[in-house]
Every structure is written in structure tokens, then in C-alpha cells.
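Novice: Sequence:
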Amino acid sequence: MALFIDDLHRILQAHAAGKLADSSTLADAQEHVDELLARYNEINAAPEIFLGQSVELKEGVDRNGVSHTVPIFSARLKKSLVSMLGQGPG
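Everything in the sequence shown is counted per my numbering, starting at 135 for the first residue and increasing by one.
Hint data in this document are derived by calculation from the structure and do not stem from the laboratory. Since we're looking at a predicted model, the values are computed, not measured. Cβ atoms here follow ideal geometry from the backbone N, Cα and C, with glycine treated the same way. Among the clues, some could well be false.
As the list claims (entries may be wrong) - So the derived label-pair ranges between C-beta atoms look like this:
(1) Q221 with T159: 27 to 37 Å
(2) R144 with A180: 17 to 27 Å
(3) D141 with A161: 12 to 22 Å
(4) F207 with E176: 13 to 23 Å
Just need the whole structure built from these sequences, with the hints factored in.
Specialist: Put into C-alpha cells, the structure is as follows:
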């Protein structure tokens with residue numbers, strides 16, 4: 135799960151910096167996230183966590199007018215992430 139979060143973070147950073155190969159729209163970033171999930175499913179990485187799950191990207195603007203892209207995790211991914219965060223460093 136930690137590797138997935140790192141990979142997702144790289145996609146979001148690239149999107150924020152406008153560095154994705156396409157025009158770096160939210161739809162482009164979403165496509166990269168969907169491909170990331172597909173790769174994790176293809177290699178059968180933790181199917182109990184990733185199989186049939188999704189991450190939907192949303193954009194919002196904070197009080198200061200700064201735009202943010204936020205990942206919305208499906209239920210099982212969210213539960214796994216919360217569990218991982220609750221464990222803390224070994």
C-alpha cells in the first residue's frame with residue numbers, strides 16, 4: 135500500500151507541475167491513476183486491497199484561491215490506508 139501511495143503521489147505532483155505527457159488536465163491525471171491501479175491488479179499486488187477498487191480525482195479551490203487535486207479512495211482502499219497509517223513506523 136505504501137508503494138501505491140508513493141506512485142499516486144508522483145502522479146499528483148506531475149499533474150500539479152503540468153508535467154504529464156498530455157495537456158495535464160484532471161482527466162489526464164485520472165487516466166494515469168486508472169493505469170496505475172490496473173498495473174497493481176495485473177501484477178496481482180495485494181488483490182485483497184486493490185481488486186475492484188478505484189481512486190477518483192477531484193479538484194477544489196481553498197480559501198486562498200489555491201487549486202488542489204484530491205484523491206477520493208474507494209472504501210476498501212481507504213480502509214487499508216487508514217489501517218496502514220494507524221500502524222505508524224515500525
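Novice: Look at each hint and say if it fits the structure.
Specialist: Verification of the hints:
Evaluation of the 27 to 37 Å hint for Q221 and T159 yields a pass: the beta carbon distance comes to about 36 Å. Checked against the hint of 17 to 27 Å, the pair R144 and A180 passes, with Cβ atoms roughly 19 Å apart. Checked against the hint of 12 to 22 Å, the C-beta distance between D141 and A161 comes to roughly 19 Å, which is consistent with it. Taken as a hint, the range 13 to 23 Å holds for the pair F207 and E176, whose Cβ atoms sit roughly 20 Å apart.
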